[in-house]
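*Asks:* Residue numbers (my numbering), protein chains in the order written: chain A, 1 to 364; chain B, 1 to 364.
It should be emphasised that the hints constitute simulated quantities derived from the structure, not laboratory data.
All C-beta atoms, glycine included, are put in the ideal place defined by N, C-alpha and C.
A portion of the hints provided could be inaccurate.
Part of the chain A face toward chain B, derived, beta carbon under 8 Å [stated by the list, open to error]:
1) TYR64
2) VAL66
3) ALA68
4) CYS263
Label pairs and their calculated CB-CB ranges [claimed, not checked]:
5) ALA322/A x GLY311/B: 52 to 60 Å
6) THR47/A x ALA68/B: 35 to 43 Å
7) THR47/A x GLY63/B: 36 to 44 Å
8) PRO72/B x GLU319/A: 27 to 35 Å
9) THR47/A x LEU318/B: 51 to 59 Å
10) LYS338/B x ARG76/A: 31 to 39 Å
Number of protein chains: 2
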Amino acid sequence: MSGDVQELRVDLGDRAYPIYIGTGLIGEPAYLRKHIQGTQVLVVTNTTVAPLYLAPVVESLAGYEVQAVELPDGERYKTVEVWSEIFTRLLEARFGRRCTVIALGGGVVGDMAGFAAACYQRGVRFIQIPTTLLSQVDSSVGGKTGVNHPLGKNMVGAFYQPQCVIADTGSLATLDDRQLAAGIAEVIKYGLIDDPDFFTWLEQNMQRLKARDGAALAYAIERSCADKARVVAADEREAGRRALLNLGHTFGHAIETATGYGCWLHGEAVAAGLCMAARLSLRLGWLEETQARRIEELIQRAGLPVKPPQGMRPERFLELMAVDKKVLDGRLRLVLLKGLGQAVVTEEFDLQVLEKVLDEYGAS
Amino acid sequence: MSGDVQELRVDLGDRAYPIYIGTGLIGEPAYLRKHIQGTQVLVVTNTTVAPLYLAPVVESLAGYEVQAVELPDGERYKTVEVWSEIFTRLLEARFGRRCTVIALGGGVVGDMAGFAAACYQRGVRFIQIPTTLLSQVDSSVGGKTGVNHPLGKNMVGAFYQPQCVIADTGSLATLDDRQLAAGIAEVIKYGLIDDPDFFTWLEQNMQRLKARDGAALAYAIERSCADKARVVAADEREAGRRALLNLGHTFGHAIETATGYGCWLHGEAVAAGLCMAARLSLRLGWLEETQARRIEELIQRAGLPVKPPQGMRPERFLELMAVDKKVLDGRLRLVLLKGLGQAVVTEEFDLQVLEKVLDEYGAS
Chain A
1 MSGDVQELRV DLGDRAYPIY IGTGLIGEPA YLRKHIQGTQ VLVVTNTTVA
51 PLYLAPVVES LAGYEVQAVE LPDGERYKTV EVWSEIFTRL LEARFGRRCT
101 VIALGGGVVG DMAGFAAACY QRGVRFIQIP TTLLSQVDSS VGGKTGVNHP
151 LGKNMVGAFY QPQCVIADTG SLATLDDRQL AAGIAEVIKY GLIDDPDFFT
201 WLEQNMQRLK ARDGAALAYA IERSCADKAR VVAADEREAG RRALLNLGHT
251 FGHAIETATG YGCWLHGEAV AAGLCMAARL SLRLGWLEET QARRIEELIQ
301 RAGLPVKPPQ GMRPERFLEL MAVDKKVLDG RLRLVLLKGL GQAVVTEEFD
351 LQVLEKVLDE YGAS
Chain B
1 MSGDVQELRV DLGDRAYPIY IGTGLIGEPA YLRKHIQGTQ VLVVTNTTVA
51 PLYLAPVVES LAGYEVQAVE LPDGERYKTV EVWSEIFTRL LEARFGRRCT
101 VIALGGGVVG DMAGFAAACY QRGVRFIQIP TTLLSQVDSS VGGKTGVNHP
151 LGKNMVGAFY QPQCVIADTG SLATLDDRQL AAGIAEVIKY GLIDDPDFFT
201 WLEQNMQRLK ARDGAALAYA IERSCADKAR VVAADEREAG RRALLNLGHT
251 FGHAIETATG YGCWLHGEAV AAGLCMAARL SLRLGWLEET QARRIEELIQ
301 RAGLPVKPPQ GMRPERFLEL MAVDKKVLDG RLRLVLLKGL GQAVVTEEFD
351 LQVLEKVLDE YGAS
């Protein structure tokens with residue numbers, strides 16, 4: 001079934017693991033079985049993905065005691081309550097601490113299944129099969145798992161590394177255009193953080209990605225994962241450098257919370273957040289006008305929003321950004337740009353300039 | 001205020017931390033302030049402990065931004081829902097990831113506050129001030145945190161180490177007799193696992209402990225913590241030897257679940273569980289009649305139950321023990337005794353003998 005398979009190693013010492021990238025990997029038993037311990041496997045998926053891919057995954061697990069749980073689809077179900085249902089299924093099935101939890105789906109499924117694996121009996125094995133572009137380039141590296149709280153996104157969670165990640169580019173064929181674009185937002189982010197050549201490549205290849213060209217997608221996934229893996233390996237628990245990965249996210253999370261989870265896709269909010277970070281960097285005199293314009297243009301060509309939702313007031317932004325995890329002892333830290341491919345984590349910026357930028361958007 | 005203070009180090013590499021044991025430590029700012037980072041502190045306590053000790057703790061934190069949350073008291077509130085309220089308070093207070101969570105109370109408060117600290121923004125600092133004998137000798141070493149699920153005890157949680165533990169023996173003066181006895185059950189357990197001299201000391205000093213003799217209590221706490229710390233340091237994540245600490249607990253958890261959490265105290269269920277483990281070991285020919293009798297006698301002198309609740313059927317025991325975390329791929333593992341101070345983790349026992357022992361209790 002499967003053609004050319006790339007294997008990328010995320011280097012985290014005794015928590016190191018491989019990412020397999022290729023077409024037709026779902027349903028291919030070899031990769032999955034290599035990383036399962038024991039005999040009990042729970043597949044966590046959602047009601048959208050299950051009809052497409054649950055059967056081949058279960059078939060590839062012949063011989064194991066397999067259970068499946070289908071969560072409702074969408075960010076608004078990423079709650080403590082829905083997460084808790086995963087434990088109910090594990091306990092009803094009497095799964096022990098040598099069981100393996102497989103996440104089959106997008107970022108929401110991965111975050112919840114991973115966090116459940118981290119906490120079930122204080123930690124069982126976990127495997128990711130991300131089926132969206134966003135989860136293939138984002139959630140599959142870094143071990144961030146968790147759920148939302150009504151007062152803030154991703155506020156409850158754990159750092160928990162999978163045994164392996166299986167990214168089947170074939171699964172992107174069934175993704176709708178909006179979801180594909182949302183994934184491209186995170187891909188662009190990696191170029192902006194510290195990979196200017198990749199940013200240029202994206203400018204040249206955006207049409208191929210939008211057209212779902214398999215080779216272009218595989219290249220973008222691999223390069224994004226490699227970029228992210230490098231940052232994560234240097235700072236697994238986000239004490240410093242890893243915070244760079246939040247480029248666009250402090251603005252983005254505020255948008256998601258303000259509009260209600262699930263209204264804007266995560267990637268859409270991040271896209272607008274990237275443009276806002278660029279605009280603020282421009283107004284601070286850290287970025288050139290042409291650079292800011294290239295960012296907005298690329299994001300626009302990806303079919304993504306370049307500004308926050310109309311009517312979102314500056315005060316609301318500031319209020320929501322204040323509960324963001326990047327706040328240290330009450331001081332707001334942001335990831336901003338000192339060039340294309342030159343992101344910095346900083347609290348050294350003029351708050352009035354931030355307010356002015358938020359006003360500009362509020363008025364536009 | 002404070003007299004002689006013992007400092008015991010739990011040796012877990014870069015997660016090593018001290019346990020301070022002494023009288024009058026609550027309200028003493030020095031120990032607490034040494035281990036707080038940042039400016040924001042949440043004290044998690046319960047409605048029973050708050051009137052006794054919350055004020056001195058808050059006073060000793062002058063200069064910090066202090067919040068407190070009072071949980072309802074009792075094992076039956078150790079749920080995902082109540083745990084979730086801790087996050088609500090942290091988020092309402094806009095606490096960042098450099099905040100510190102302090103657990104002030106018994107095991108339930110410590111388990112929930114520790115698990116909240118483990119998960120809030122994927123991990124913030126945590127300090128334990130255990131106020132019961134049970135939590136001073138048990139929860140303060142080992143980093144096990146978590147909540148119960150309706151289908152099983154402690155099934156959702158994390159391994160998470162505190163920055164320090166402050167065990168004030170003065171707080172045991174306000175403990176009722178039943179709670180004190182429950183703590184002694186865990187103390188006896190440490191003697192049984194691998195410290196026969198301590199078991200003998202307990203036989204000689206049970207009256208002093210029951211009379212709350214300060215020196216005897218401090219010695220028992222220190223020795224229990226040292227015994228536990230040795231086991232935990234060798235096996236932090238319970239891959240092997242650490243499972244010894246579950247002596248009496250597989251039976252005990254079944255009793256707690258069957259009677260409904262909070263009906264029997266954890267220590268009471270463990271006490272009965274220790275006697276059941278001894279009886280099974282006796283019937284397997286691993287323990288002598290006189291040894292089994294010494295165990296039952298000591299537990300009885302502590303004022304603790306030596307058998308499971310009347311009317312608890314053998315089938316119910318087997319059903320509940322089957323979901324215990326000690327089950328590996330469907331095979332029941334138990335901690336049993338091959339002598340006083342010689343516990344073993346094993347699945348090598350005759351299930352029929354277990355059933356016979358359960359029948360004996362069921363009929364008695």
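*Asks:* None of the hints should be skipped; say for each whether it holds.
*Replies:* Hints, one by one, checked against the model:
no. : hint                            : result
1   : TYR64                           : 11 Å, violated
2   : VAL66                           : 14 Å, violated
3   : ALA68                           : 18 Å, violated
4   : CYS263                          : 21 Å, violated
5   : ALA322/A x GLY311/B: 52 to 60 Å : 56 Å, holds
6   : THR47/A x ALA68/B: 35 to 43 Å   : 42 Å, holds
7   : THR47/A x GLY63/B: 36 to 44 Å   : 52 Å, violated
8   : PRO72/B x GLU319/A: 27 to 35 Å  : 31 Å, holds
9   : THR47/A x LEU318/B: 51 to 59 Å  : 36 Å, violated
10  : LYS338/B x ARG76/A: 31 to 39 Å  : 55 Å, violated
The structure fails to meet hints 1, 2, 3, 4, 7, 9, 10 from the earlier list, while all remaining hints are met.
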